[in-house]
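Make the full structure from the sequences, and use the hints.
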Amino acid sequence: MTVTSQNQFAKLSPERFHALCRALVTQRPLVHCLTNEVVQEITANVLLAAGTSPAMVVAPDEVDDFARIASGLLINLGTPYPDRLEAMKRAVKTANTTQTPWVLDPVAAGVIPWRDERIDEFLALKPTVIRGNASEILAIAGMGQGGQGVDSTDSSFSALVAAQELARQTPCIVAVTGEKDYVTDGSTTIEIAGGHIMATLVVGTGCSLSALVAGFLAVDANTLEATAAAMMLAKRAEEKAFSRTQAPGSFRAAYIDALYEITQGAAQ
Amino acid sequence: MTVTSQNQFAKLSPERFHALCRALVTQRPLVHCLTNEVVQEITANVLLAAGTSPAMVVAPDEVDDFARIASGLLINLGTPYPDRLEAMKRAVKTANTTQTPWVLDPVAAGVIPWRDERIDEFLALKPTVIRGNASEILAIAGMGQGGQGVDSTDSSFSALVAAQELARQTPCIVAVTGEKDYVTDGSTTIEIAGGHIMATLVVGTGCSLSALVAGFLAVDANTLEATAAAMMLAKRAEEKAFSRTQAPGSFRAAYIDALYEITQGAAQ
Amino acid sequence: MTVTSQNQFAKLSPERFHALCRALVTQRPLVHCLTNEVVQEITANVLLAAGTSPAMVVAPDEVDDFARIASGLLINLGTPYPDRLEAMKRAVKTANTTQTPWVLDPVAAGVIPWRDERIDEFLALKPTVIRGNASEILAIAGMGQGGQGVDSTDSSFSALVAAQELARQTPCIVAVTGEKDYVTDGSTTIEIAGGHIMATLVVGTGCSLSALVAGFLAVDANTLEATAAAMMLAKRAEEKAFSRTQAPGSFRAAYIDALYEITQGAAQ
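Protein chains in written order, with my numbering: chain A, 491 to 758; chain B, 491 to 758; chain C, 491 to 758.
Hints may be right or wrong, so weigh each one.
To be verified - Away from chain A, derived, C-beta distances all over 12 Å, residues of chain C:
#1 Ala500
#2 Ser503
#3 Asp610
#4 Asp675
#5 Gln736
#6 Ala756
Unchecked claim - Using 30 Å as the maximum straight-line C-alpha spacing, the simulated DSBU-like pairs for lysine-lysine come out as follows:
#7 Lys730/A - Lys730/B
#8 Lys579/A - Lys579/B
#9 Lys579/C - Lys579/B
#10 Lys579/B - Lys616/B
As the list claims (entries may be wrong) - Calculated from the model, a selection of chain B residues having no Cβ within reach of chain A, i.e. all distances over 12 Å:
#11 Asp555
#12 Ser648
#13 Val651
#14 Thr660
#15 Pro661
#16 Lys670
#17 Ala683
#18 Gly684
#19 Ala711
#20 Lys730
#21 Ser733
Treat the hints as calculated values from the structure; they're not laboratory data.
The model shown is predicted, which means the values in this text are computed figures rather than measured ones.
Every residue gets a Cβ at the ideal spot worked out from N, C-alpha and C, and that includes glycine.
This is the structure in structure tokens:
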């Protein structure tokens, strides 16, 4: 397998993106989020702005029941302590039984051996989609060195082969995000350009993007395109936000505003 | 018991609202918050903006001591895992001993049986006020079906009889919030109109409203009117925020700004 | 020891402040944050805006590994439950072994005996810097009464003798923040004036300032000046934010914007 040349990438058409955004707002899927403790608020706000209904149900005793009624599930391993891991595993097992799509966000893969073992346990449960930055995807594909803490030290393009390999082996959809985003099932790869690097200065933009993927998966059976739609929504919202403000505090609000405006615009 | 007709609702006068806001800012009550892990930051910021002093003291070993010095207590069951439930019960027992008013926010009542059992345990401890959306109030009064996750699928008016019944049986004040808010002790019901639905796209506006109730309870012995003042403050702030911005990211900041401006304005 | 008179205070020169901000942005230190559950998001956003790389690695099983690669460590005792305390102690022991600077934020010291015992355990581990408000510093120096919850009821100047005494005894750098900030090693004291009281209406401005200290400590061996640089950055950002908005919701975003603009400006 060699790196696909630029012109072999598939695209998500504006019409298809529009239709997926409309479906999101119209169906308002219930997204069950088991995410890290730093980004819970922005994750909920991003999901609400984009038209979905988020719920952070986290107690081991109630995740089974809730996973059964949710339309999509997010597992984010940013702060993986034992009780939360237990809740996550129960939720995933239920999701696999009910065939509910779920997204794995392997935060900081490749940095700490203990965490990598936890990530491997969830990979074995066969996520519908894995969404990570280049360092994370390289690490879980066994080809990387790990980033600096939670930040990537590799370009998204450099992780493309790893992403495609990982997608075939799992099998699942892999999304690697960065300056350009790549969404692949191992044979077809969609490229999404644009966005703005200012988003990396706001904590939780990546984590909440994984939650958006869970939302889009709930409204369309084409998992490759549904995942790409989440990436495209984030990129378009970043551009819109940066056109309004050039500093990260106000960018955070402008990004959420833009998610709302784009998806509501598609629904009309 | 039949539904009260519109013209039988009591009102909170602008003068009384003004006096209650002034008392809040002047007395700056210490509000002890045991709330869910998603909304802790916005809850603290809402309480600070409105003129109170919030504190999230959560370790089982220290809640007793802190509950003793707080002027109001919030119990929000959004993410009820065992350790936090233990801390909540200790805090409530202390509050009941010291006659400190406390508010129960029964998040997502009616959705998960395990959670409903936890909510029942707190209802038995006799909250001063219960604040929920229509689906939640209908559920704990034994008349509903539960909402979609944490969101209501019923109108606040449809939960009015349930709220009045619940208020008499507990007994306590019940506030059901939605397009219009109703605050009732079972015989007198105050209606508060206005606000803006954009607030439902910002996570924690409802949860932090329950915290505001705990603040107002701390500064006035009339629990019915104190609860209604919190509802009116939120409604007026939502209107002010929407007059400035029409998207949820910036609405969040504008809402907090408005809480500050309204209460500070009353204090002058 | 008598209170130092005003004109005996040292100053941090604008040139030195500028150089420290430039070092922060250029070196982008990895700051390991073990902080309270209320302020994790704003702490991460403040660190990102100022040019550092934050990471909230909190599971007891992985803090050792992560503390070994971090350049600075924050220990904030705002919500000190047993599991998190265990993780904090492991991280501090590693930091002391690797000689990584660490900051202790003794939130609400002097209010609850159980918490004061926990704070004492961390004081015994010899923090590089202690950052607190006047009530907190007075309390841990054994000279105070405690504040109202997490808010100070004393002026920063009133805690100056206590801060100097504490700095000599530990020994460490002590920063007491308030209307004016004082940073002392027990003999030399730097005073930083300015800022704006609106910052006290935004939860986490103090807590994230302690995190900024950990970032500056990572880029300069002069711990006294590095600590003072964090205070000055916060003061200048507060002033800039208040020149743009006079209400706390939008102040929060404007403050983060200003941190970014000031440090990026210094890096150019």
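The hints, checked one at a time:
1. Non-interface status of Ala500/C relative to chain A is upheld: no Cβ of that chain comes within 12 Å, the nearest being about 31 Å off.
2. Interface exclusion of Ser503/C from chain A stands, the closest Cβ pair being 26 Å apart, more than 12 Å.
3. For Asp610/C, the non-interface assignment is confirmed: its Cβ lies about 25 Å from the closest Cβ of chain A, beyond the 12 Å cut-off.
4. Against chain A, the non-interface label of Asp675/C holds: every CB pair exceeds 12 Å, the least being about 30 Å.
5. No Cβ of chain A comes within 12 Å of the Cβ of Gln736/C; the nearest lies about 16 Å off, and the non-interface call holds.
6. In this structure Ala756/C is separated from chain A by more than 12 Å, as the shortest Cβ-Cβ distance comes to about 15 Å.
7. At roughly 25 Å between alpha-carbon atoms, Lys730/A and Lys730/B fall within 30 Å of each other, so this suggested pair holds.
8. Of the pairs offered as hints, the one joining Lys579/A and Lys579/B holds, with about 28 Å between alpha carbons and a cut-off of 30 Å not exceeded.
9. A threshold of 30 Å between alpha carbons decides the hint, and for Lys579/C with Lys579/B the separation of about 28 Å falls inside it, so the pair holds.
10. With a C-alpha separation of about 12 Å, the suggested pair Lys579/B and Lys616/B falls inside the 30 Å cut-off, and the hint holds.
11. Annotated as non-interface, Asp555/B keeps its C-beta farther than 12 Å from every C-beta of chain A; the closest such distance is 25 Å.
12. Distance check for Ser648/B against chain A: the nearest CB is about 20 Å away, which clears 12 Å, and the non-interface claim stands.
13. Residue placement check: Val651/B keeps its beta carbon more than 12 Å from all beta carbons of chain A (closest about 27 Å).
14. Its beta-carbon lying about 24 Å from the closest one in chain A, Thr660/B satisfies the requirement of being farther than 12 Å from that chain.
15. The Cβ of Pro661/B lies farther than 12 Å from every Cβ of chain A, with a closest approach of about 29 Å, so its non-interface assignment holds.
16. Taking the minimum C-beta to C-beta distance to chain A, about 22 Å, the non-interface status of Lys670/B holds against the 12 Å cut.
17. With a closest Cβ-Cβ approach of about 24 Å to chain A, Ala683/B is found to remain outside the 12 Å limit, as its non-interface label requires.
18. With a closest Cβ-Cβ approach of about 21 Å to chain A, Gly684/B is found to remain outside the 12 Å limit, as its non-interface label requires.
19. At roughly 34 Å, the least C-beta separation between Ala711/B and chain A is larger than 12 Å, which holds for a residue marked as non-interface.
20. Non-interface status of Lys730/B relative to chain A is upheld: no Cβ of that chain comes within 12 Å, the nearest being about 17 Å off.
21. Against the 12 Å criterion, Ser733/B stays outside the reach of chain A, whose nearest CB is about 16 Å from its own CB.
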